[in-house]
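Trainee: Since the structure of chain A is provided, determine the placement of chains B, C, D and E with the ligands on it from the hints.
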Amino acid sequence: MRKLIKRLHWLDYVILAVIIGVASVIILRIGGALNYDWRWERIPNYMFRYKESEERWVANLLVQGLVATIRISIYASILALILGVILGIARCSANLTVRMLARTYLEFLRNVPPVVVIFIFFFFLSEQLIQALNMERWAREIARSDNNAVWTFLFGDMRRFPALISGIIVLALFESAFVGEIVRAGIQSVDKGQREAARSIGMSRWQEMRYIVLPQAMRKVMPPMANQFISLVKDSSLVSLISVPDLTFKTVELVASTRLIFEAWLTAAAFYFVICFGLSVLFRRLERR
Amino acid sequence: MVQNDTMISVSKVDKFYDDFQALTDVSLTVKQGERVVICGPSGSGKSTLIRCFNGLEFHNAGTIVIDGIEVEEGSKGLRRLRQEVGMVFQQFNLFPHLTILENLTIGPMKVQKISRAEAEKRARTYLERVHIPEQADKYPAQLSGGQQQRVAIARSLCMQTRIMLFDEPTSALDPEMINEVLDVMVELASTGITMVCVTHEMGFARKVADTMVFMEAGRIVETAPPEKFFTNPESERCKMFLSQILDH
Amino acid sequence: MVQNDTMISVSKVDKFYDDFQALTDVSLTVKQGERVVICGPSGSGKSTLIRCFNGLEFHNAGTIVIDGIEVEEGSKGLRRLRQEVGMVFQQFNLFPHLTILENLTIGPMKVQKISRAEAEKRARTYLERVHIPEQADKYPAQLSGGQQQRVAIARSLCMQTRIMLFDEPTSALDPEMINEVLDVMVELASTGITMVCVTHEMGFARKVADTMVFMEAGRIVETAPPEKFFTNPESERCKMFLSQILDH
Amino acid sequence: AQSTQQSLSSDSVIESIKENGVIKIGLSIFRPWSMRNLDGDLVGFELDVGRELAKDMGVEVEFVPTSWDGIIPALVSGKFDVIISGMSITPQRNLTVAFSDPYAYSGMTILANKSMTEGFTLEDYNSPDVTFAARRGATPVAVIQSMFPQAELLMFDEDGASTQEVLNGNAHATMASEPTPSEEARRYSDTLYVPFNETFQAGGEAFAFRKGDPDAENYFNNWIGVKTRTGWLKERHDYWFRGDDWKDDVAE
Amino acid sequence: MAARAPNGAKKFRAFMNSVPVSVALYLLVIGMIIWSAYSGAQSMGYNWQWYRMPQYFYTLTDDGFQWGEIMIGLVKTIQLSVTAFFFATVLGLLVALLRLSGLVIGTAVAVAFLEFVRNMPILVLLYLFYYVLGPVFKLDRYTASVMCLAVFHAALISEIFRAGINAVPKGQWEGATSIGMSKGQAYRYIVLPQSVKFMLPPMTGEVVHLIKSSAIVSVIAVAELTTIGRNLISDTYMSFEIWFTIAAVYMVVTLALSIGVSRLEKKYAVQT
Ligand SMILES: Nc1ncnc2c1ncn2[C@@H]1O[C@H](COP(=O)(O)OP(=O)(O)OP(=O)(O)O)[C@@H](O)[C@H]1O
Ligand SMILES: Nc1ncnc2c1ncn2[C@@H]1O[C@H](COP(=O)(O)OP(=O)(O)OP(=O)(O)O)[C@@H](O)[C@H]1O
Ligand SMILES: [Mg+2]
Ligand SMILES: [Mg+2]
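Chains as they are written, first to last, in the working numbering: chain A, 1 to 289; chain B, 290 to 537; chain C, 538 to 785; chain D, 786 to 1037; chain E, 1038 to 1309.
The hints are simulated quantities; they were obtained by calculation from the structure and are not laboratory data. Note that the coordinates shown come from a computational prediction; the quantities given were computed from them, not determined experimentally. Be a bit skeptical, because a hint or two may be false.
[Unchecked claim] BS3-like mimics (lysine-lysine), calculated; alpha carbons at most 30 Å apart, straight line: (1) A:192 <-> E:1207; (2) E:1207 <-> B:427; (3) B:427 <-> B:402; (4) E:1220 <-> C:658; (5) E:1207 <-> E:1113; (6) D:840 <-> D:1019; (7) A:51 <-> D:840; (8) B:402 <-> A:220; (9) E:1175 <-> D:899; (10) B:399 <-> E:1048; (11) A:192 <-> E:1304; (12) A:220 <-> B:427; (13) A:192 <-> C:675; (14) C:776 <-> B:496; (15) E:1303 <-> A:220; (16) A:192 <-> E:1234; (17) E:1207 <-> C:613; (18) E:1220 <-> C:675; (19) E:1304 <-> C:675; (20) C:647 <-> C:658; (21) C:647 <-> E:1304; (22) E:1048 <-> B:301; (23) C:647 <-> E:1220; (24) E:1207 <-> C:675; (25) C:613 <-> C:650; (26) E:1234 <-> A:220; (27) B:365 <-> B:301; (28) A:192 <-> E:1048; (29) E:1234 <-> C:650; (30) C:613 <-> E:1220; (31) E:1113 <-> C:675; (32) B:528 <-> B:320.
Just chain A, with the same shape it has in the complex (with noise of 0.2 Å):
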């Protein structure tokens, strides 16, 4: 401790009072300032209640709508590194006309405000695919199927099925971009030298890709990757503009039937914060290994 004080700067205690006096400040005046009556009180219910006919604890809105940007954010993750990886490789490639496109897919969607894009996407494309796909009728099918449980685990309730897929397919198009900017990062941070060395043991442009540049172009972009996954998951809150009914979703339509505000938005970022700095820990831990 001692130790501790000796190493602190005279800077040092000049931020540590700013802080304080801001944060005093703000505790302070914030009940007078603020004309709200809290009801945290009501919080609990809409994570966990007790249903009675079922005779057992069941998730409620918040729990319900977490779980559903968890699934949201993981597939939307997979394919959006799927894409981008390919978007990357073809930003990369000797192909002008493969160059041209990957670059025009690339601007559209990151020069465009999500919201947008989202809209756009959701509106126009998802219901020829969902239509084309007949996945509306078969999802329908499957709802009402009694043995859907493992649908219903991976996927949530089969009805908002289409919904859900949507909502992926257009979060993940759009984070695929960002991805697809680091992956060809990581793909031209690899040393030339590298290249030359896989080509001139035989190596196919291929293999050059599949065992040298990959593999040290995926170490090199591990944290900004994180970077881009953790994004994706605050982004995700976008898709309850299409109606996904994920934690956003759910909370606004909690704060609309029941007035609370505060309570509710403070929840669902607490929640946000808990999976985005668990996250950010996490790939933090992996990286050092």
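Mentor: Coordinates of chains B, C, D and E with the ligands only, in the frame set by chain A:
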């Protein structure tokens, strides 16, 4: 040991980087088992020339035929050719994400499709040959520069190449480590493999070279056996270069 | 030329990197105007030692006194000291975003607060001295390695330092460029500046050194005048090292 | 003529509802039209209407909770068959979607900040200095724009946020259908009040569906006609808009 | 240069790689995508009303020329972004320097700030600023938006600064110290000017990001581009026309920015 079959035949090669001409009218013949040392000032096109041999760069005019295969962009024979021609780089270029053993086996396994067991057996043989069998399970970053360069040599040998190209293999090394690598190269020279070596290590050149090549500004200025090259070079430029190199 | 005032006095210095001891019980005295060449195998602590001289690293035990100022972490004299001690690095470390002239003037102008005109005059004098006055308005990237290293030397001289430290100033250079830099250093040696130079250029050492220092594993193994050092070194290790260095 | 008739009716949404055996109804959470109760299930006036409609058609019902912003595009692109979500008829909307006859007429009241609007008459609200807050795209927006064209109007994503604006003094007033304003006024009686004991009306709320579907229009209109005449709609409307019976089930 | 007869495969590849062929192929693919989107919209039976759009850009009435709502919103977006970016850069530099300062509490504060902001959806942050801090510090909605955006992006920008500063080789620090510069002078004259080169591309990305994330303030009714768009939609229900238009406006702004900066970068690169 020198046989009379032509292994590398370069004739009238020009090479451009955009507008800059890096090689001009270069012709050279290397016989099977011959050991050629190329030297010359920086930027004279030494690297460019030997990189054209295994198609890391492509020449714009003239022909290069290696072991009967013509080197040409997009040609079918290129991958086969590269399996015949080993290359050792100044910067080693080992694969940092693989262990030493994996560095040596990945080529034979993925390119030549031999079994893992056989590839490992072969790898250990060559690690023995370069005197570092005990390093098999380390990663490149854990080895000294001299050791890394020896692994790079072993990696080429594992492809059972009949030709080895060296591009200043010792110039990134510390003074003490240079000798380790040179020793391995001298040993290798005695096995009858065809060697083309860009280097300024004149001690090494004296010991093993059958032919010395001196390049300057993209041209071959002088080709001579080492006795003649070191004692009585024809061109002035070459004399000057040698005096500077041998000076300090 | 050698005077008797002590310029650098190192006594019983230990230096640790975490647990690793890089210097053990090092003592050394350099007089004003003396020219010391340090050599030794890689990792023996040569760089560490001279980096301790101007406080790029700090020693953990013992004392280092340079020109009457004790080198110590956080001490007041440190910045004044650094203005007295010039350092030339293996990697030049020129400022790539500034022209050559600006590289030379930024120190005098910002640190010593002299006027731009005077700083430029001074800079041109020293550029003259290193034989590249015509390069003043180029950027470092446009110069060859040898020229860059000469600029680095001029940059130190511009601070009008009385001591110059060189850390393998030629080892990142091409064979032909080494001589350019060595020539400048030989000239510099004749001006009576105090020099401590880590190098493996034995030709240079023979020419200018007043004292040779041989280090090994963090210790000074041998200190001797060059005549004795090259012909009859005391320690076995030193003999072996010399034979390897001079060999090729 | 025969074939046109046939193709018209077979293209109708009514036909596809029957074929699929399910009617999909788009709605957005909107007290007390539709809400989440303590169990997290949907309840409210719209839910009763939707279920009754499905029962009469002999099909299953599926409610699709949708964010209000996207509810019209979602209808147009076929994510559901009909919107039953307290959507009032406005000429603008009608250019994009078709409306049935109104099935409810809800009255809007003003909920105002006490200190900021002291002594205001109705006319005083129609001034550039007055700020209204309302839910984007909801009925009150149309009402405010027609009654107080001078006032500044801020739009939020849901009612709670509008109320909070008034509470924090960032807006003078908001507008919503009863009984919500009175409830809020009671809860924050220091700050909020309902200044006028009268309600303001828009065109009434109706079902919205895709244009060019006379069959559906005919069906919905007649269904609403029947339910109005039997008094079922009024009874349900009173239950949700006047009564307190459901309040224990939905936190407030 | 004697031309050698290229073999078939090479010829084909060269043909496919030639610029006119590539561009033609590219246009073909893009055309197909647009056509399928168009026919998709057609099959939806949506009545396009593009003719109603120009009035939102400008109107020519008896009063003369007037900018339309979208243009007003765009100006607001730009104003918001520029202000927020300025504060974000200042705050970001501060956080980065704190992080690199070696101060015990300074570093801890920087890290805590970074982790908090990075792991929080910006929407939630906005609620925090507007509804919680707003009443406490008497912030109006515009100030709260600027502060929220500035804080959110300061975290990201501080990482860019840090990476840029770290990308300057250690030798440059040593070079600066060994001619007697103080830490501040080394930052000011040697390190920061060089790190600009590393920071410029990610900074451009960050400005684009900021312009995009400024869309979020539509939830607290700041009248910027997205808010205007959403309000227009709720008025007119021309959802698709308006969303496409808004997207195009954003694209024009951000692309112009990216292209402008990459020009600048090239000029800069030639100079050194
Ligand atoms: N990829 C390239 N693009 C443009 N010019 C190049 C390229 N590679 C090499 N050159 C130029 O071609 C010339 C010959 O280069 P090369 O690397 O073959 O020289 P070198 O003899 O190997 O020199 P060194 O001893 O420095 O390795 C040089 O002037 C170099 O600048
Ligand atoms: N920053 C550091 N952290 C930990 N260990 C270090 C650090 N710098 C140097 N060392 C270690 O200290 C020892 C001495 O290093 P130093 O650089 O002084 O050697 P040197 O004699 O200059 O060698 P070389 O000829 O390779 O430059 C080496 O074993 C090195 O690994
Ligand atoms: Mg070379
Ligand atoms: Mg060293």
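Trainee: With reference to the structure, classify each hint as holding or not holding.
Mentor: Tested hints:
Between residue 192 (chain A) and residue 1207 (chain E) the CA atoms are separated by roughly 24 Å; this keeps the pair inside 30 Å, and the hint holds. A C-alpha spacing of about 28 Å is found between residue 1207 (chain E) and residue 427 (chain B), which places the hinted pair at or below 30 Å, so the restraint holds. For the hint linking residue 427 (chain B) to residue 402 (chain B), the alpha-carbon distance of about 24 Å falls within 30 Å, and the restraint holds. Of the supplied pair hints, the one linking residue 1220 (chain E) and residue 658 (chain C) holds, its CA atoms being roughly 27 Å apart against a limit of 30 Å.
About 43 Å separates the Cα atoms of residue 1207 (chain E) and residue 1113 (chain E), which puts this hinted pair outside 30 Å; it is violated. A threshold of 30 Å between alpha carbons decides the hint, and for residue 840 (chain D) with residue 1019 (chain D) the separation of about 18 Å falls inside it, so the pair holds. Distance check on the hinted pair: residue 51 (chain A) and residue 840 (chain D) sit about 27 Å apart at the alpha-carbon level, within 30 Å; holds. Straight-line distance between C-alpha atoms of residue 402 (chain B) and residue 220 (chain A) comes to about 29 Å, which keeps the hinted pair within the 30 Å bound.
Our distance criterion of 30 Å between C-alpha atoms is met by residue 1175 (chain E) and residue 899 (chain D), whose separation comes to about 19 Å. Of the supplied pair hints, the one linking residue 399 (chain B) and residue 1048 (chain E) holds, its CA atoms being roughly 29 Å apart against a limit of 30 Å. Pair hint residue 192 (chain A) plus residue 1304 (chain E) holds up; C-alpha atoms about 26 Å apart against a cutoff of 30 Å. Only pairs whose Cα atoms come within 30 Å are accepted, and residue 220 (chain A) paired with residue 427 (chain B) is accepted, the gap being roughly 20 Å.
A threshold of 30 Å between alpha carbons decides the hint, and for residue 192 (chain A) with residue 675 (chain C) the separation of about 29 Å falls inside it, so the pair holds. Note on residue 776 (chain C) and residue 496 (chain B): the hinted pairing holds, with a Cα-Cα distance of about 24 Å set against a maximum of 30 Å. Simply put, residue 1303 (chain E) and residue 220 (chain A) have alpha-carbon atoms about 26 Å apart, close enough for the 30 Å limit, and the pair holds. Pair hint residue 192 (chain A) plus residue 1234 (chain E) holds up; C-alpha atoms about 22 Å apart against a cutoff of 30 Å.
Restraint check for residue 1207 (chain E) and residue 613 (chain C): the C-alpha separation of about 23 Å stays at or below 30 Å, so the hint holds. Restraint check: the Cα-Cα separation between residue 1220 (chain E) and residue 675 (chain C) comes to about 27 Å, which is no more than 30 Å; the hinted pair holds. The straight-line distance between the Cα atoms of residue 1304 (chain E) and residue 675 (chain C) is roughly 17 Å, inside the 30 Å bound, and the hint therefore holds. Among the hinted pairs, residue 647 (chain C) with residue 658 (chain C) is consistent with the structure: their alpha-carbon atoms are about 16 Å apart, no more than 30 Å.
Simply put, residue 647 (chain C) and residue 1304 (chain E) have alpha-carbon atoms about 28 Å apart, close enough for the 30 Å limit, and the pair holds. With a C-alpha separation of about 23 Å, the suggested pairing of residue 1048 (chain E) with residue 301 (chain B) holds against the 30 Å cut-off. At roughly 12 Å between alpha-carbon atoms, residue 647 (chain C) and residue 1220 (chain E) fall within 30 Å of each other, so this suggested pair holds. Simply put, residue 1207 (chain E) and residue 675 (chain C) have alpha-carbon atoms about 23 Å apart, close enough for the 30 Å limit, and the pair holds.
Distance restraint check for residue 613 (chain C) and residue 650 (chain C): the Cα-Cα separation of roughly 18 Å lies within the 30 Å cut-off, and the hinted pair is therefore satisfied. With a CA separation close to 21 Å, the supplied pair residue 1234 (chain E) and residue 220 (chain A) stays within the 30 Å bound. As the CA atoms of residue 365 (chain B) and residue 301 (chain B) are separated by approximately 23 Å, the hinted pair is consistent with the 30 Å bound. Restraint check: the Cα-Cα separation between residue 192 (chain A) and residue 1048 (chain E) comes to about 26 Å, which is no more than 30 Å; the hinted pair holds.
A distance of roughly 28 Å separates the Cα atoms of residue 1234 (chain E) and residue 650 (chain C); the hinted pair therefore holds under the 30 Å criterion. Between residue 613 (chain C) and residue 1220 (chain E), the direct Cα distance comes to roughly 14 Å. Compliance with the 30 Å bound is thereby established for this hinted pair. At most 30 Å may separate the alpha-carbon atoms for a hinted pair to count; residue 1113 (chain E) and residue 675 (chain C) exceed this at roughly 45 Å. For a cut-off of 30 Å, the pair hint linking residue 528 (chain B) to residue 320 (chain B) stands: about 27 Å separates their Cα positions.
Consistency with the previously given hints fails for numbers 5, 31, ordered from lowest to highest.
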